[in-house]
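Reassemble the complex: the two chains are provided individually, in unrelated frames, and hints are given to aid placement.
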Amino acid sequence: MNTKETVLNILADLTGSDVSNSMDENLFETGLLDSMGTVQLLLQLQTELGIMAPVSEFERSEWDTPNKIIAKVEAMQ
Amino acid sequence: MLSLTPYENPMYFGMLAVAFIPIVVGILWGKRFRWYELLVSIGFILLSFGGPKWEQGVALVGFLIFEVILVSLYNVYRKKKNDTWVFVIAVLLAISPLVVVKLTPLMSGTPSIIGFLGISYLTFKAVQTVMEIRDGVLKDYNPWFFLQFMAFFPSISSGPIDRYRRFRKDYESVPDREKYLNMLEKALHYVFLGFVYKFMLAYLFGTILLPKVQHLAVQSTGLSWGLVGVMYVYSFYLFFDFAGYSLFAVATSYFMGIETPMNFNQPFKSKNIKEFWNRWHMTLSFWFRDYVYMRLVFFFMKHKIFKNPKTTANITYVLNMLLMGFWHGEKWYYIVYGLIHGVALVINDWWLNLKKKNPDRFPHNKFTEYLAIFITFNFVCFTFLVFSGFLDTLWFH
Chain A
1 MNTKETVLNI
11 LADLTGSDVS
21 NSMDENLFET
31 GLLDSMGTVQ
41 LLLQLQTELG
51 IMAPVSEFER
61 SEWDTPNKII
71 AKVEAMQ
Chain B
78 MLSLTPYENP
88 MYFGMLAVAF
98 IPIVVGILWG
108 KRFRWYELLV
118 SIGFILLSFG
128 GPKWEQGVAL
138 VGFLIFEVIL
148 VSLYNVYRKK
158 KNDTWVFVIA
168 VLLAISPLVV
178 VKLTPLMSGT
188 PSIIGFLGIS
198 YLTFKAVQTV
208 MEIRDGVLKD
218 YNPWFFLQFM
228 AFFPSISSGP
238 IDRYRRFRKD
248 YESVPDREKY
258 LNMLEKALHY
268 VFLGFVYKFM
278 LAYLFGTILL
288 PKVQHLAVQS
298 TGLSWGLVGV
308 MYVYSFYLFF
318 DFAGYSLFAV
328 ATSYFMGIET
338 PMNFNQPFKS
348 KNIKEFWNRW
358 HMTLSFWFRD
368 YVYMRLVFFF
378 MKHKIFKNPK
388 TTANITYVLN
398 MLLMGFWHGE
408 KWYYIVYGLI
418 HGVALVINDW
428 WLNLKKKNPD
438 RFPHNKFTEY
448 LAIFITFNFV
458 CFTFLVFSGF
468 LDTLWFH
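Those sequence lines, one after another, are chains A and B. In case it helps, this note's numbering puts the first sequence at residues 1 to 77. In case it helps, this note's numbering puts the second sequence at residues 78 to 474.
Incorrect hints may appear among the rest.
Now the stretches of chain A that chain B is said to cover, found in silico as 3 or more residues with beta-carbon under 8 Å [as the list claims (entries may be wrong)]:
(1) 32–45
(2) 54–64
Pairwise CB distance ranges, derived in the manner of DEER restraints [unchecked claim]:
(3) B:Asp-469 / A:Leu-43: 35 to 45 Å
(4) A:Ser-20 / B:Gly-299: 50 to 60 Å
(5) B:Gly-299 / A:Ser-22: 47 to 57 Å
(6) B:Leu-115 / A:Thr-30: 37 to 47 Å
(7) A:Ser-20 / B:Thr-388: 49 to 59 Å
(8) B:Thr-298 / A:Leu-43: 47 to 57 Å
(9) A:Thr-30 / B:Ile-166: 40 to 50 Å
(10) B:Leu-115 / A:Thr-6: 31 to 41 Å
(11) A:Ser-20 / B:Phe-444: 33 to 43 Å
(12) A:Ser-22 / B:Asn-442: 16 to 26 Å
(13) B:His-266 / A:Thr-6: 42 to 52 Å
(14) A:Gly-31 / B:Leu-115: 44 to 54 Å
(15) A:Thr-30 / B:Thr-388: 17 to 27 Å
(16) B:Phe-222 / A:Ser-20: 40 to 50 Å
In short, the hints are calculated from the structure, not lab data. Using N, Cα and C, we set each Cβ at its ideal position, and we do this for glycine too.
So that you can see chain B by itself, here it is in the shape it has in the complex (with noise of 0.2 Å):
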């Protein structure tokens, strides 16, 4: 059977736009022809989940299952009582699978049958469900709906991240056709910028310069010009792939007349770390503030853990970005990577504070401004060149 991974050769571009015929045409008619909606779904995660990869689809469908009913359960269970440890354990149950996935090629050397692309990312849409169910805001859970939001074909392998409720408001209703002309055309926009990202840019970063400077740099196991090749253009190759992968999700979801939101705005002209993660991975990085910075730091303010809040959110910085870390992978250098980063928002508050309380002390203007994004730009660059685990291959292999 035919397998192949989604956004990665023209063949499913090209099965992509004849099966959408009839859902843009009923979009412009005002109408969701859902049992159709669905058949797509089904045919698009069958064409990267089956042949070759049914085992993989058997892993997806199996999670999926699980999480279905652990989240319905949990939302029969909250409507009665809400107790702590009834959360906690939901939320360690919903991750389980994904720490399974996780550590098993640590312990076993191979990877784990329950793995399949895409598992870390429906493992945001699951626990974040249950943290909303919790809090509650989504009184009118219902286990269909929660399953295709789950499912929901182009962003199934590696975001963007959406959200239960933004979904729900778009999936439920249909966009004027004003509104839906306007959706396409971007969405066209952003399937041909994401050729050039993805199939010319990164292609020449990844594919044709990546090799010739990590030739250079195994030379020698020190700082080379070889290295810092590999620095800049590995990091050049991580934005040009990641960022054209996203376009053509959201290309792929505003077809259906579901705006699933962007993933990068420009992250290259940050001119502070703050500023970079509201730029880079945004779907990610606003998960991580929302689901885990926010809501530590509301339980450490709440039991009064630290004594003052500059510490707490200091603190919560590094264990956030830590688990960041961990979540890339269990390998040294993902960690470092997180904990670098968390490190550096703690200086980089430290530092806004400062110039804050002293606007005389530190000249503000266009030549300082670019010399902060460019150190921006270095220091990301550099935390990339750690995250790409070249530094684990010239040192310890």
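Only chain A is shown next, with the shape it has when bound in the complex (with noise of 0.2 Å):
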């Protein structure tokens, strides 16, 4: 699996919905992601990606959108 469908794959599960159509579609405005499940996605990147990114990283205005979140975890690796 690459970056991107590891990234959707957990998006589906903290969101409840498939967000792979709607990769510009801001995720806080739209209720899909709040703090708590942006604590959990960072968690995850960690045990699946092993990317450490800690909170003070996290600039919602960058990681809002499933393209953002995607282009940040790339960078990252």
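This is the structure in structure tokens:
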């Protein structure tokens, strides 16, 4: 599985909906993600991809769509 | 010596306007006169903390020296090692002056000599900087810059609470002329809106109406129309007073080419309590979200303290809001205020989840939206009545 698929899987798990058709949708505005979901996302990224993203790294405006999250994760790999 | 509380009287605004002329002209021509900005900052800090308030001024300077040394030492340490206990001690030391200031009146009945207007807001800035150094995102921490971030005079007394990296981005650059003109236009708008909020509406609600409804309310100890009046009048007073102040602080920053974040975004039209906290005193609630809530959740989840994520979220909501209550002050009504909001967030999440799972069971239309706004507004006003401390006066004094 590549990074994109892994991230999308994690997001599907967390939000309970498939986001692969709405890659530029703002996940916070639609209520799919919140602070709790964010922390779960960071922890999942750590276990599944070995990415250590501390909470300080998380700036909402840089992580608010599936595309942006994938870009962030790829940059941190 | 002349002494003025920030943004309280026309003279203060007049002095700001004069002092800002060189800064505005400079930025319009792409230049920041650092030494002059520094002079203006020191001047306005002296204006607020000098003269008859010199004791507060000494406390402020002592506090700043203490925090700069502490955070700088932690930064030196963090470059070599990263033990959790050192981090915890650094955070505890960073908040220790605030704890002393909050607890002294309880113990001795008199205010602490190390207290000054704005200590709780400056403590937030220091703690968040320690946390970001720990996380390794502030690799180029600079003590001199940190001092200027802490002592940025437009927001020194009551926020908005800015962030180190965000502030540095603005501080180290000069906005281009088009952007700066846009900021000036906004700043002027905010100043005039602030005048309307603070000197007209907050005056109307707080100085004219509030004593009248309070007088009515104290005629009886139970529920009365007077008490209902206090609830709404105080809520509007609180909003217009604080939102007005925040507009001044943001506008003043804009003149200096710094985009200090906004504190309020039409909070009374929130459809639920979670949305309310995304619109009310935003820099405070985002601070608690990022530096308390998310970090506690991260800790609890990582160490699997609670069985499921929902329990973790709920317990952390209550802890988070309780801490916010304690931060406001060690009075029963501040703590109850925090507790009510924590529980409200739990109920709100449960309700939103129920609605999401049963989309057909609950209607959703314009009417239910207005109903949601109405309920949220009234609930919030009730919590502000608790927050105001008026019930304490009514029942126990």
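Structure-based check of all given hints:
Coverage of the segment 32–45 of chain A by chain B holds. Counting CB-CB distances below 8 Å, 8 residues qualify, and the rule asks for three or more. Here's how the segment 54–64 of chain A fares: 5 of its residues keep a CB closer than 8 Å to some CB of chain B, so the rule of at least three is met and the hint holds. Look at Asp-469 of chain B against Leu-43 of chain A: about 42 Å separates their beta carbons, and that is inside 35 to 45 Å. For the pair Ser-20 of chain A and Gly-299 of chain B, the beta carbons lie near 58 Å from each other, so the given range of 50 to 60 Å is met.
Under the hint 47 to 57 Å, the C-beta atoms of Gly-299 of chain B and Ser-22 of chain A, about 53 Å apart, fit the expected range. In this structure the hint that Leu-115 of chain B and Thr-30 of chain A lie 37 to 47 Å apart at CB holds, the actual value being about 45 Å. The hint said 49 to 59 Å for the Cβ distance between Ser-20 of chain A and Thr-388 of chain B, and at roughly 30 Å that hint is violated. Thr-298 of chain B and Leu-43 of chain A have their C-beta atoms about 51 Å apart, which keeps the hinted 47 to 57 Å range intact.
A hinted range of 40 to 50 Å holds for the C-beta pair Thr-30 of chain A and Ile-166 of chain B, which are about 41 Å apart. Checked against the hint of 31 to 41 Å, the C-beta distance between Leu-115 of chain B and Thr-6 of chain A comes to roughly 50 Å, which is inconsistent with it. Between Ser-20 of chain A and Phe-444 of chain B the beta carbons are some 35 Å apart, a value that agrees with the proposed interval 33 to 43 Å. Between Ser-22 of chain A and Asn-442 of chain B the beta carbons are some 24 Å apart, a value that agrees with the proposed interval 16 to 26 Å.
Distance hint check for His-266 of chain B and Thr-6 of chain A: the Cβ-Cβ separation is about 47 Å, which falls inside the suggested range of 42 to 52 Å. Look at Gly-31 of chain A against Leu-115 of chain B: about 45 Å separates their beta carbons, and that is inside 44 to 54 Å. Range check, Thr-30 of chain A to Thr-388 of chain B: Cβ separation about 25 Å, and the 17 to 27 Å hint holds. Distance hint check for Phe-222 of chain B and Ser-20 of chain A: the Cβ-Cβ separation is about 43 Å, which falls inside the suggested range of 40 to 50 Å.
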